[in-house]
Amino acid sequence: MERADRESAILAKLADDGSLSVAALATDFGVSEVTIRGDLRSLEQQGMLVRTRGGARPITWQGILQRQKINVDAKERIAQAAAALVNHDDTVMIEAGTTAGLIARHLGNRRGVQVVTNSTLVFANARQHPALNIILTGGVFRPESESLVGPLAERAIADFNTRIAFLGTDGFSPERGLTTRFVEGAQVSTLMRDRAEETWLVADSSKFGQAGFVTFLPLDAITGIITDSGLPDDAVEALTEHTQLRIV
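The sequence shown: position 77 = 77 (the UniProt record's numbering), numbered continuously.
Note that these hints are calculated values from the structure, not bench results. One thing to keep in mind: the hints can contain errors.
As the list claims (entries may be wrong) - Computed beta-carbon distance windows for the label pairs: (1) T52 to I247: 19 to 27 Å; (2) E144 to I247: 41 to 49 Å; (3) D233 to T27: 24 to 32 Å.
Unchecked claim - The calculated lysine to any residue pairs, modelled on SDA-like cross-linking and capped at a C-alpha distance of 25 Å, are: (4) K13 to T35; (5) K13 to E33; (6) K13 to Q45; (7) K13 to M1; (8) K13 to F29; (9) K13 to S32; (10) K13 to T52; (11) K13 to G47; (12) K13 to N87; (13) K13 to T27; (14) K13 to E44; (15) K13 to V31; (16) K13 to Q46; (17) K13 to R176; (18) K13 to G30; (19) K13 to H88; (20) K13 to Q187; (21) K13 to F123; (22) K13 to R57; (23) K13 to R3; (24) K13 to R51; (25) K13 to S42; (26) K13 to L152; (27) K13 to A24; (28) K13 to A26; (29) K13 to A23; (30) K13 to D234; (31) K13 to E76; (32) K13 to R37; (33) K13 to G38; (34) K13 to V34; (35) K13 to V50; (36) K13 to G55.
Model, not experiment: these values are computed from the prediction. All residues carry an ideal CB built from backbone N, CA and C; glycine is no exception.
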């Protein structure tokens, strides 16, 4: 098994089990404990876990880890397509979400990019790239979404003007627009949209037709949606009546 595949499998086990031991992982993968320690060190440097004596534990809430395992390939393609919209010396806002959290991974070759985010997932990925200028809002930490919300976060966001913003969602449709489970998250997303020249939703196709507790934006209030090819044809037609659609 290649190292990248082994690291992905380690993260999957961590999401399932909640903690890992070096000895057990070495047995499972048929490699030495030295190799496993190297894998865990690499994953810790990427902000994906925390090493402990003899093993590792999650750096994020268990629910986030479970969601990160869903539609992994699609989320990665969507994040890459979103990052491709970012230019050198650009100004960017990135909201919380497992797909949005991956965008920063693909910004390492951009010079002078300013990233404003309320997402600790974005921060974990962005800090791997010293060339990025990262501004993490203050606020109340919500572990369920790995995000900072509330008045402090909102006041911080209101101070910035960016060219582009990327938002996540718990569900979207032409009828209900962009939705989320949390009122505080809705307020942050709406404010980011107001402070950006263009706004893109990044969401895999499984979110289509789902609805969170709060609708925070209609589809025609955003620049477009970046999603994967899992959308049915009638959904593509319905969405393009309201906004741009980029399918990856």
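Hint check against the structure, violated hint numbers in rising order: Failing hints, ascending: 1, 2, 3, 12, 17, 19, 20, 26 and 30.
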